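Protein sequence lines, in the order shown, are assigned to chains A and B.
For the first sequence, numbering that gives the first Met the number 0 gives the first residue as 0, with consecutive numbering after it.
For the second sequence, numbering that gives the first Met the number 0 gives the first residue as 0, with consecutive numbering after it.
Please keep in mind that the hints were generated in silico from the structure rather than gathered at the bench.
Take the hints with a grain of salt, since some may be wrong.
You can't tell identical chains apart in this list, so a pair holds if it fits in one copy or across any two.
20 Å max Cα-Cα, derived DMTMM-like pairs, lysine to aspartate or glutamate [what the hints assert, rightly or not]:
id: 1; residue 1: K187; residue 2: E272
id: 2; residue 1: K279; residue 2: D390
id: 3; residue 1: K318; residue 2: E261
id: 4; residue 1: K208; residue 2: E221
Model, not experiment: these values are computed from the prediction.
Listed below, chain by chain, are the residues.
There are 2 protein chains.
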Amino acid sequence: MKSCGVVVEYNPFHNGHLYHLEESKKHAEADCMIAIMSGNFLQRGEPAIIDKWYRTKAALLGGADLVLELPFLYAVQHSDYFSQGAIQTLAEVGVDSICFGSENGRITAFTEAFEHMNKHQEEYDVTVRRYLNEGYSYPEASRLGYESIAFPSGSIDLTQPNNILGYSYVKQLLTYAPDIEPLTVLRKNNHYHDEEIHGKIASATSIRKELLEEKGMTEKAEQSLPPSTVEVLHQYKNNHGIWHDWEAYFHLLQYKIMTMEESTLRCFHGVDEGLEYRLKRTIKEATTFHQFISSLKTKRYTWTRLQRTLAHILVGTDKQEARVFLRETPPPYARILGMSETGKKYLRAVKKETSIPLITQPQQLDHEMLDLEARAAAAYYSVLTPERRVDQLKREYGPPVIHS
Amino acid sequence: MKSCGVVVEYNPFHNGHLYHLEESKKHAEADCMIAIMSGNFLQRGEPAIIDKWYRTKAALLGGADLVLELPFLYAVQHSDYFSQGAIQTLAEVGVDSICFGSENGRITAFTEAFEHMNKHQEEYDVTVRRYLNEGYSYPEASRLGYESIAFPSGSIDLTQPNNILGYSYVKQLLTYAPDIEPLTVLRKNNHYHDEEIHGKIASATSIRKELLEEKGMTEKAEQSLPPSTVEVLHQYKNNHGIWHDWEAYFHLLQYKIMTMEESTLRCFHGVDEGLEYRLKRTIKEATTFHQFISSLKTKRYTWTRLQRTLAHILVGTDKQEARVFLRETPPPYARILGMSETGKKYLRAVKKETSIPLITQPQQLDHEMLDLEARAAAAYYSVLTPERRVDQLKREYGPPVIHS
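Same shape as in the complex, but just chain A (with noise of 0.2 Å):
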C-alpha cells in the first residue's frame, strides 16, 4: 500500500484542503492519504475554531485516511520545530512521500534551495545574528539573513510564509529521512493571507474571521466549504455552543498573569528576554485579545510569536519540559486521531515496522509529554459550560474517530 503524507492544520478544512489532498494523491500514486494535524491549538497560537475530534471527521469525509495527531507542544511552534515533529512523525509511520502545497509548484525549487543555503549555512547564521542583536525579530532576521546569500533564479522566495513552510518540510526529509519523496503541488489562488472570501477557494484566514464577525455560517463561507464541513461546523456549534477564538479565553489568560508574579511567569515556553515585565505591565489596561497583543507588539515580537507564547502561558507549558521534549527525535509516539477503512488497513500493515508506539487514546502511553496533552484539552474546553466541559475532557480519553 502506498501512502502520501501531509501536514495540516484543518482550520477548517475548505475546498483549497479538498484540492490539495486530492491532487496529492494523483501526484504521489498513493493509496493511503496519511494528515498530521496539529491539535487544539495552532501553529500561529490560536484556539482551533473548532476541536481537533470534528476536524478530524471533516478531513476524513474530505478524503484523508488517517489523521494524527501533532502534539500540543510541537504544533505552537516556530516553523523549524514544527516542521520536526511533523515530518518526523510521517516518517516513522512509513509514508512514502510527503506533498505539500506552494505558490511554485515545482519541486527542484526547493531541493535547490536547500542544496544553496547548505553551502551558505555561516552566511546566512552571521547575517541572522547580526539583526538578532539590533532587535529585529526572528523572521525578519532571518529574510534579511536570505536575502545576503543571494538564492539563484527559479529557486523559491523564502519571503513568503508557504514557501518557509514547504522549504523546511524539505529539509527535515532531506536531513532526516531521504528516502522519502518531496512532493509538491501548485496552490490554487495565490494568496495565503488574503481577508476577502475569493469565489470557491478561500484561505482558512479569511472564512474564519467571516464565521466569528458574522457569529454564524455565511453565504460567502459556505461557498468555499465541502458541504461536509459546513455541517460539522454546525454540529460543533449546536452541541458545544461556541465557535473558538482568543477572545473567549481573553479573562483566562488576563486571570493568570495578573495573579502570577514575573519570576512565575518567566518559567512559561517562550516568555524570555524580559517579556515577563512588558506581559504584566500591559495587562493592567488591557480589556480585549486584540488590544492586549496589540499594545505587547514591538520590533523586536512578532504577533504569531507574542500569540504562541500566550498559547503556552494559557497552558501552562514548562520551559523545562519543553526543553527535555523538543529534543526527542523523533517525538516519542503518535496519537491517531481518525481512520477510514483505508487507514485501517494501512495501519495493520505498518504497526509493527514504527519504532516508535502509535495509540489510539492516552492511557495506552505513560509518558509525561501526555500529561501537557491533558492540560491543552483542560484549557482548550475551558470556556465551555462546566457540564460540556466535563464531558469534553472524558472525550480526550475517547477512541479516534472512525469513518466507514
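Since the structure of chain A is already known, use the hints to place chain B on it.
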C-alpha cells in the same frame, strides 16, 4: 482620645454589627472606634459579597471612625494567624481596648480560660497531636483537646465558633499587648450560623444567602440591614454588575487547577498532605464550586480549611512567601481604608508613635507583601467585565474612603 479596636469582616455590615459598634463604644468609653477589617477575601476563604471599599463606606456610615485593612495573608487563615495579624495591628495603632462579641458576655470567662490553658497546655497539645495523627481535622482534634483538660464551669465553651475567635483575641492580647484591655459584649441572637433570618438581627451568612439566592434585595434582608448598607449594596451591584460569591470564580479556579501540574499546585499555601492529587482528581468531574468542595471534603479537611486553600490557589499565594510573611510580628504595615473626622484626628495624634508604617496607598511603601495584595485584588476583580476590571484595579492604588 480614647480608642477601642474591633476585629471585623462586615460581609455585609448589618444591624448586629451596628449594635456591636454602639455597645463597644459605650462599654469601652471610647471616643474613636477602630475597625480592622478583612479585605476582599474573608477568614473562611470566601470572596466578599462586595469589595472592601464599599464595605468600608458601610462601616463608616455605621459608626466606625477608622477602618484598617487586615492584609490578605492574615485574613485568610485559621483563627490563630487571623487574630495575631488583627490584634497586633490594633495594638500598633495604640488602641486602649479591644471589644468583641460573644455568646457568654463576661470577659472573665475568657481570661480564666486563658489561665487554665496555660496550666494544661502540654496535655492539650499531646491530645491534639494524637487526634491529628488519627486523621481528624484540626478543629475536631482541638475540640477533643479542650474536652480532655476539663475547663472549670463558668469558663467559656471553646467549641462555639465565636468563642474561639474571642478566645484567640484574648490570648493575643494577654501575650502580646497586656496593657490593652480586653472587653466583650453579649451578642444579640445566639445563633451564629443560623440559616433563617429572624426579625431585625440576622447573621451575615443568612443575609448573604438570601441576597445571592434571590439575586437582589429582599424585604427579609432589608430588615436586618441599616439603610446605609442597603444603599451601598445597591450601588455596588449597579456599578459592578454583580455581588460576588465563589460560584462566580469557579471557572477560573477549575481552569487554574486543570492547567497546573501537581508539583506546581503543591507550591500554594495550604496545599499539603497530598491535597494536590485530590484536587486534580476531583476537579475533572466538578461543575460547580459547591460540588467541588463537597467532593474534596474528607474527615481530614474541614469545609473552611478547603475554602481558604482554594482562595490561596485562586490568588496564587506561594508557600515561601506565606511562611516568611506570617512570621513577621507585628504585620509589616497597616493600610487605612477609610476614616471619619474623628478617625483623621486620631491618626494625626498617633502617627508618630506607631512602630509600623500606616499607609493610605500601596505605592507609599516598598514591601513584597503588597505584591500579594495586588494579586488578591486582581483575582477578586477578575469576574467583572473587562472595562470595570481595569477601573477597579486602579482603585486599588487610590486613596481611603473619607466620611465627613
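A quick look at each hint next to the structure:
Taking CA atoms no more than 20 Å apart as the test, K187 paired with E272 passes in neither setting, with 40 Å inside one copy and 60 Å between copies. Taking the shortest Cα distances, K279 and D390 sit within 20 Å of each other only across copies (16 Å), while inside one copy they are farther apart (34 Å). In the homo-oligomer, the alpha carbons of K318 and E261 lie at most 20 Å apart both inside one protomer (14 Å) and across protomers (16 Å), since each shortest distance falls under that limit. Within a single copy, K208 and E221 get their C-alpha atoms as close as 13 Å, which meets the 20 Å cut-off; across copies the closest is 49 Å, which misses it.
Consistency with the previously given hints fails for number 1 only.
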